[in-house]
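First to last, the protein sequences are chains A and B. 6 is the number of the first residue of the first sequence in my numbering; add one for each residue after it. 544 is the number of the first residue of the second sequence in my numbering; add one for each residue after it.
It is possible that part of the hints are untrue.
[Stated by the list, open to error] To list a few chain B residues with every Cβ distance to chain A over 10 angstroms, as calculated:
hint, residue
1, T563
2, R613
3, I661
[Claimed, not checked] 20 angstroms max Cα-Cα, derived SDA-like pairs, lysine to any residue:
hint, chain 1, residue 1, chain 2, residue 2
4, A, K23, B, A668
5, A, K23, B, R659
6, A, K17, B, E672
7, A, K23, B, E663
8, A, K17, B, G699
9, A, K21, B, Q653
It is worth saying that the hints were derived from the structure and are not from the lab. Even for Gly, the Cβ is constructed at its ideal location relative to N, Cα and C.
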Amino acid sequence: MEHDPKVNGVVKLLTKLKDSNGSYPPDLLTSRRRNFIRQMEITGITTPRPQSQTAPGKTIRTKNPDNHDEDKDKVKDG
Amino acid sequence: MKDGVALLKAAQKLDEEALTAIFDQFAPAIYKYTLRLCHDPIVADNIVGDVFAQLLEQFAAGRGPRTNLRSYLYQTAYHLVVDRSRDNQHTAPLEVAVGTFDKSQPAPTQTQIEERVIMEALITAMNSELTDDQRHVIILRFLEDFSLKETAEIIGKEVNNIKVIQNRGIAKLRKVLGLQLEEM
Numbered sequence: 006m007e008h009d010p011k012v013n014g015v016v017k018l019l020t021k022l023k024d025s026n027g028s029y030p031p032d033l034l035t036s037r038r039r040n041f042i043r044q045m046e047i048t049g050i051t052t053p054r055p056q057s058q059t060a061p062g063k064t065i066r067t068k069n070p071d072n073h074d075e076d077k078d079k080v081k082d083g
Numbered sequence: 544m545k546d547g548v549a550l551l552k553a554a555q556k557l558d559e560e561a562l563t564a565i566f567d568q569f570a571p572a573i574y575k576y577t578l579r580l581c582h583d584p585i586v587a588d589n590i591v592g593d594v595f596a597q598l599l600e601q602f603a604a605g606r607g608p609r610t611n612l613r614s615y616l617y618q619t620a621y622h623l624v625v626d627r628s629r630d631n632q633h634t635a636p637l638e639v640a641v642g643t644f645d646k647s648q649p650a651p652t653q654t655q656i657e658e659r660v661i662m663e664a665l666i667t668a669m670n671s672e673l674t675d676d677q678r679h680v681i682i683l684r685f686l687e688d689f690s691l692k693e694t695a696e697i698i699g700k701e702v703n704n705i706k707v708i709q710n711r712g713i714a715k716l717r718k719v720l721g722l723q724l725e726e727m
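Looking at chain A on its own, in the form it has when it is part of the complex:
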């Protein structure tokens, strides 16, 4: 199968897709990273930074703060 030039052609095309774009928009990535650091504070892994309003170490359960779908689900369920 590996010697079939058409199969190799398909695989070659697929590997070209690898280089296609889809890079993380910098503003989304920065905001996501900030949230990840905040989650570490919430779980008590890190000490909150002075500007943070969140209290550390109260709970182990974490939630993705920017995921509005979770809130939608709650409305749907409730």
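Following the hints, position chain B against chain A.
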């Protein structure tokens, strides 16, 4: 900079620097992977958030990956994407991938135009001809460079099963793209 094993060990001990390094190393790749599947930047970003929230939760509970962190993160992302597609009752298309060819470049050559047509045909075929399993396996194997074993772990199937799914998917793409490839 810590290597993969040292990074994972430090992360298991909830080392802030290691956890941040893991985020920086893997978040862009997980985003790209999920974007390929769900073609929505906001959904992809939310999935990245969920993947890393779950990772933190697992580490905080003394669980989480012991060896292959990359596979573990993709596995989490895979399940989140599958759950979302089930909820939304649609399959996950791949259309983002082609958006890539540099629209900013001036006049494309004939070869570039032909290549683009073939790539678009490939993406259309991946979306419309492949089963969900075939699409996931082909993306993980050829676009994300996972081994058969890793792909099997991520999707939760046997290696032999993955081989069959992969070969059927490739055969289907070859059939659909047959004419274009003969011209290449």
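Notebook entry, point to check: Would you say T563 (chain B) is clear of chain A, with no C-beta pair closer than or equal to 10 angstroms?
Noted result: violated, 7 angstroms
Check: Are the Cα positions of K21 (chain A) and Q653 (chain B) separated by 20 angstroms at most?
Finding: holds, 18 angstroms
Notebook entry, point to check: Holds or violated: K23 (chain A) with R659 (chain B), Cα cutoff 20 angstroms?
Noted result: holds, 14 angstroms
Item checked: Non-interface label on R613 (chain B), tested against every C-beta of chain A at 10 angstroms -> holds, 15 angstroms
Next item on the list: With a cut-off of 20 angstroms on the C-alpha distance, tell me whether K17 (chain A) and G699 (chain B) pass.
Entry: Not satisfied, since the Cα-Cα distance of roughly 26 angstroms exceeds 20 angstroms.
Check: Taking 20 angstroms as the top limit, are the C-alpha atoms of K23 (chain A) and E663 (chain B) close enough?
Finding: Given that 20 angstroms is the threshold and the Cα spacing comes to 14 angstroms, the pair holds.
Check: Looking at I661 (chain B) again, its CB stays over 10 angstroms from all of chain A?
Finding: With a cut-off of 10 angstroms, I661 (chain B) comes too close to chain A, as the shortest Cβ separation is near 7 angstroms.
Margin query: Does A668 (chain B) sit within 20 angstroms of K23 (chain A), going by the straight-line distance between their CA atoms?
Written below: holds, 16 angstroms
Next item on the list: Mind checking the alpha carbons of K17 (chain A) and E672 (chain B) for me, to see if they're no more than 20 angstroms apart?
Entry: Within the cut-off at roughly 19 angstroms; holds.
Figure legend: structure checked against the earlier numbered hints; hints not met, in rising order: 1, 3 and 8.
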